[in-house]
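**Student:** Protein sequences, first through last, are from chains A and B. Numbered per the working numbering, the first sequence spans residues 1 to 115. Numbered per the working numbering, the second sequence spans residues 1 to 242.
To be clear, the hints were calculated from the coordinates, so they are not data collected in a lab. Virtual Cβ for every residue (Gly too), placed ideally from N, Cα, C. Check the hints yourself; a few may be wrong.
Heads up, incomplete: computed chain A residues facing chain B, CB under 8 Å, no partners named [unchecked claim]:
no., residue
1, Leu10
2, Ala37
3, Gly61
4, Ala64
5, Leu68
The calculated label-pair distances, taken between Cβ atoms and stated as ranges, are [what the hints assert, rightly or not]:
no., chain 1, residue 1, chain 2, residue 2, range
6, B, Leu25, A, Tyr74, 32 to 40 Å
7, A, Thr21, B, Leu54, 45 to 53 Å
8, B, Leu40, A, Tyr26, 36 to 44 Å
9, A, Ala100, B, Gln58, 17 to 25 Å
10, A, Ala86, B, Asn49, 33 to 41 Å
11, B, Glu51, A, Phe53, 53 to 61 Å
In silico negatives: residues of chain A with every beta carbon more than 12 Å from chain B [claimed, not checked]:
no., residue
12, Glu56
13, Phe63
14, Arg109
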Amino acid sequence: MIIPLLGLLLGILLGILSPVTIPIQYSTYMSIAILAALDSVLGGIRSSLENTFDIEIFISGFFANAILAAILAYIGDQLGVPIYYAAIFAFGIRLFQNFAIIRRYILVRMKKNSR
Amino acid sequence: MRKGLSNYYLFVIAVILGFILTVQLKSNISSQGIITIPKLLAMENDLSNAEVELSNLQKSISELEQKVKEYEASLNENGSIYNSMLDEWSKIRNYAGLEKVSGPGIIVTLNDSSENLEGIDNPELYIIHDIDVLEVVNELKAAGAEAISINGERVLGTSNIECGGPIIIIDGYRHATPFIIRAIGDPKSLEASVLAPDSYTDFMEYTGIEVEVKKAEKIVMDGYKADLKIKYQKSVEEGEKK
């Protein structure tokens, strides 16, 4: 559990220190990719709580979701259809669902421990 | 998969996630919100206005560049820009109406009504007034007249046309009927505007005022003779406050 947190801190540090910024026209794609990545992370936490965590599925999901979301948003922009919103809804709903399930598992565990 | 390798992957992914998150947050991109159609149309309007302004500015840039080129050319040829400045000076004097000019245009002749005035209650309507001349001049200006003269008297933007009893006074000079209004410009559009069904001359013809319109290939006009009205104005650097 401590290793991913360390990695996250390192990444944030790198992000703060590096001079990279995102041009405004690509910011929607980037934000949708971040949303997809967050969804994968929450999915990964949930599956690890369910003891079905598989690192390969997690990695492939992380990258594939992020890239696909960005590409879909881009195609939608080209077609004039805001697929962007579809991605927000899909990932957003999954995010909250995963979070709800995680919360339930944690609460159940806490109750068990307190008994 | 071994536990160590799995941790290594997780670490890398966490680094990536943290990195893109921070970069996105650091880019400080405000949300655009939902763009409604009225908003879009307003933006399009703004954009087209800006484009018009841009093209105007570009036009003026190219004009100024042209002028600079002219100056440079004359500087190379004659060693001074005196001649091209003189040229520009005469152009400006032409534009101001101070010089003799010639060009195509129309000649409008206005004369009082020749109808028998016996038993007519309001003979005022059958003679030409200052306001009639003024209206015709304004119509010619609206139709794109570049230079206008009335009975040989050049009319400028600052000219006044006023009533002087049986005569009219233009910039202090007296003029009587018939009024011959010469206008330089596109003969077709000038004639069309004067002869149009809703034009002022059309209205005047109801009371028998004689209006004659002639197109002319070449009209020669004298410059403005009266005193220039430049007593109070002076040039300043800054423009009008809006």
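**Student:** Which constraints among the numbered hints does this structure fail? Numbers only, ascending.
**Tutor:** Going through the list in order, the structure violates hints 3, 4, 5, 6, 7, 8, 9, 12, 13 and respects the others.
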